[in-house]
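One-letter residues, chain by chain:
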Amino acid sequence: MFDTLKKIIKYPRLTQDYPNRSLTPASFLGQTEIDTAKCNFCGECALHCPSQAIVLDKSARSIGIDYAKCIFCILCEEICQVGAVQTTNKFELAVRDKVTLNNHALCANALRDTPLSNKSNGESFYKTAVINEENLPNTSYETICSDLQATVKKIFGRSLQIREVDAGSCNGCDYEINALNNPFNDLERLGISFVASPRHADMLLVTGTGTRNMQQALVKTYEATPDPKLVVAVGACACSGGIFRDTYATNNGIDALVPVDVYIPGCPPRPQAIIYGILKAIDRVK
Amino acid sequence: MTSNLKGNLESKFALKVFSGKEFSETAFPLATNQVNINSQTTLASDKDNSQHVSFSDHDDKFWQEQDNVYYLEAPLAKVKEICCYIQELGCPLVLMFANDERNFQAGYAVYYVFAVREEGMLVVIKTKADPESMEIPSISNHLHAASGYEREIQDLFGLVPIGHPDAKRLVFHGNWPQGVYPLRKDFAVGQKPDFAQEKIRFQEVVGEGVYEIPVGPVHAGIIEPGHFRFSVAGEPIINLEAQLYYVHKGIEKLAEGQSLEKCLFIAERISGDETFANSLAYCQAIEKIAGTKVPARAAYTRVLFAELERLTSHLGDLGGICLDAGYGFANFQFQMMRGWAYSVADELCGMRFLRSVNKLGGVRKDFVSGKEAKLIELLLNIRSELEDTVNIVKSNSMFIDRVENTGILEPKIAVDLNAVGPGGRASGIRYDVRKAFPYAAYPNLNFKVPEHNNGDINCRMNTKIEESFEAIDLMIQAIEGMPVGKVCEPIAEVKPYRFAFGLTEAPRGENIHWVMTGENNTLYRYKIRTPSFCNWPALCHAVKGNIVPDFPLINKSFNLSYAGNDL
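For the protein sequence lines, the chains are A and B, in the order given. Under the working numbering, the first residue of the first sequence carries the number 1, and numbering increases by one thereafter. Under the working numbering, the first residue of the second sequence carries the number 1, and numbering increases by one thereafter.
If you're looking for bench data, these hints aren't it; they were derived computationally from the structure. The model shown is predicted, which means the values in this text are computed figures rather than measured ones. Check before you lean on any hint, since a few could be wrong.
To be verified - Okay, derived cross-link-like pairs now, BS3-like style, lysine-lysine, Cα gap no bigger than 25 Å in a straight line:
#: 1; chain 1: B; residue 1: 192; chain 2: A; residue 2: 220
#: 2; chain 1: A; residue 1: 10; chain 2: B; residue 2: 394
#: 3; chain 1: B; residue 1: 486; chain 2: B; residue 2: 365
Input sequences plus hints: build the corresponding full structure.
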């Protein structure tokens with residue numbers, strides 16, 4: 001008992017005060033960036049990219065990375081002959097709008113027709129959207145969405161209950177979400193906690209590509225979560241399918257199955273990147 | 001008894017050695033003109049006879065360098081007898097898989113892989129399935145470990161195991177239509193068959209007061225998805241059936257036809273917390289095919305990373321066991337040390353999950369140079385804290401009472417199901433890939449493999465504790481003994497239709513990858529078997545007779561990967 005007490009007082013505080021104080025600059029690998037001024041548009045990186053995240057238009061001399069697809073493997077940095085690719089330690093990459101995850105017009109066009117239009121999912125999954133069109137005949141989706149968002153903020157205030165759903169990840173993201181409860185991150189200090197059932201949750205934190213076998217479970221979990229609710233896609237798989245895009249058993253991101261509020265890129269995103277994304281979803285960070 | 005296994009098999013069953021050269025001949029018919037007709041029937045022992053004109057010296061050397069693996073071709077009718085014979089000699093079935101070899105006029109091949117662990121040797125029995133009936137004789141009634149593999153092959157290739165005691169679906173759930181087999185070569189990877197509506201059948205236990213508890217796939221904790229069906233009467237569990245494959249992503253199919261470089265990144269994402277063990281197994285297999293010798297500095301670096309992964313994983317598991325027993329203080333101690341282990345990873349490579357470290361032919365860069373003193377300091381810090389914490393935990397009689405004699409995996413069952421890793425070692429299996437099939441720099445380093453016999457949570461916990469200390473010592477040895485030199489030997493073009501095994505000891509146990517190269521530096525077939533595949537059935541046995549509230553604790557003591565099992 002005495003030893004236990006001794007240990008408890010030995011390390012007074014390990015918790016990092018993120019996001020109130022930024023992290024001490026570390027050498028970890030974050031966002032990869034392409035310097036278009038240095039790039040010679042040889043196309044080697046786009047050719048080798050394991051998740052086809054690099055979009056290149058040689059004739060227009062434009063290149064960009066789609067961070068929804070990027071698996072942060074830094075292979076492009078290794079391949080680049082002219083040193084145009086740099087890996088920074090930026091990790092606060094979560095966004096509300098998936099299109100802003102790529103800094104390239106070509107990607108924007110390619111992306112526009114992917115979410116929620118995946119034909120193979122069948123009719124049954126369309127009903128999962130929060131808003132039922134028949135009940136609200138004269139309102140546009142945009143208005144409904146912005147109204148809903150305002151309601152969400154008002155209702156959730158500054159506290160949040162999260163249910164985590166693994167919809168087909170490699171378990172990397174899940175270990176990082178687990179790490180949110182460790183002494184270093186201690187998510188509860190921000191008024192955010194994990195709950196055991198979707199029926200108690202305000203937010204679903206979803207990892208994985210949305211596999212064929214998890215599809216129904218994910219939609220059921222979503223439906224079991226009381227409205228209003230938020231969905232956050234964690235990791236490259238949940239954002240776009242990542243390296244597992246386009247196989248017989250996966251979907252290209254969970255937004256093919258349920259509406260997503262915030263996308264957190266990364267493979268896997270660091271715990272602080274997940275905290276940033278969660279806070280972004282409830283508007284506690286700008 | 002096993003020393004002359006190969007000779008016995010050849011004489012007793014009149015088997016011929018299969019070298020894989022036949023593939024190259026079918027794939028490159030031009031070369032066959034020069035081939036000596038005898039070469040197809042040549043036994044391995046005759047390899048040195050310089051009869052094979054069509055293959056360069058390098059090729060002959062290649063097949064000989066794999067001489068700890070024997071491929072023997074057997075007729076379908078004899079397979080059962082042969083497999084039983086090998087098992088009786090004490091060699092477990094460690095892997096079984098099928099391959100669509102119709103391109104080589106070889107139909108569907110089924111490979112049975114047995115390990116002769118005392119000698120560090122693999123014996124592979126290869127047979128062809130009957131192409132008309134698409135049937136193979138089931139060996140599951142005699143070799144229980146084969147049950148899962150046969151069901152997997154049935155789902156992915158459509159080869160029916162005749163005589164299987166319970167040949168229900170494994171990989172696919174009720175939503176997958178009948179008659180669609182994704183690992184056949186004529187199935188395109190992106191094809192998405194219509195959704196079927198079949199009911200999943202579970203084993204039924206009937207009797208007075210028996211009821212079922214369905215759990216999952218979405219659990220209460222932050223873990224991966226899986227469905228557990230408990231049959232209980234009162235508190236004790238009578239039967240547990242685990243319905244897995246919720247995170248099946250089609251990894252084996254995805255890898256086919258992809259470049260060797262991309263498959264490395266796929267291998268890193270088989271199971272998040274076993275990133276390094278999986279990428280290492282893949283690299284070793286490809287390096288074997290390419291005939292590349294990894295530089296010594298890279299081999300030591302690989303040990304360092306592999307042990308760091310083991311330490312991180314075990315610290316998390318130990319914390320999890322304590323948490324599920326309601327021992328919060330110990331959980332936070334272990335989580336704190338796990339956090340420190342992650343900071344070692346950050347210090348080394350900037351990635352908490354050790355991704356983008358391995359490279360075909362070595363490692364990506366010199367990760368260790370200049371950081372030696374800092375790393376050793378961090379590791380010694382973890383070591384002293386671990387010592388203190390373990391002393392406190394082990395002297396807590398309330399906690400030990402909970403874990404002792406709970407969730408016993410009987411040694412007989414462990415052997416029958418080929419339980420591997422800490423789960424197997426806690427039940428009396430004396431086996432560690434690092435000792436039996438030495439790789440990287442392990443032959444040059446000193447370490448002990450824990451030996452326990454009781455098979456309960458306490459034994460699994462102690463195994464992990466001892467392995468954590470060994471891992472720290474191994475890392476320090478690797479850092480101190482690391483030779484100078486380059487860290488990567490680039491891989492040249494890889495010849496098509498070559499195959500090799502890659503074996504590593506992942507934190508959860510024996511990890512086997514089998515790759516077969518395709519044309520233009522791609523993969524033709526990638527078979528992955530992570531330790532979780534073997535240990536899931538073992539877990540279902542270990543919970544029997546225990547009370548339901550102890551299930552999370554038993555589950556955590558194995559801490560199996562769903563992603564690594566489901567692929």
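Tested hints:
1. 192(B) to 220(A): With Cα atoms ~21 Å apart, residue 192(B) and residue 220(A) stay inside 25 Å; holds.
2. 10(A) to 394(B): 20 Å, holds
3. 486(B) to 365(B): With Cα atoms ~9 Å apart, residue 486(B) and residue 365(B) stay inside 25 Å; holds.
The structure is consistent with each of the numbered hints, conforming to all of them.
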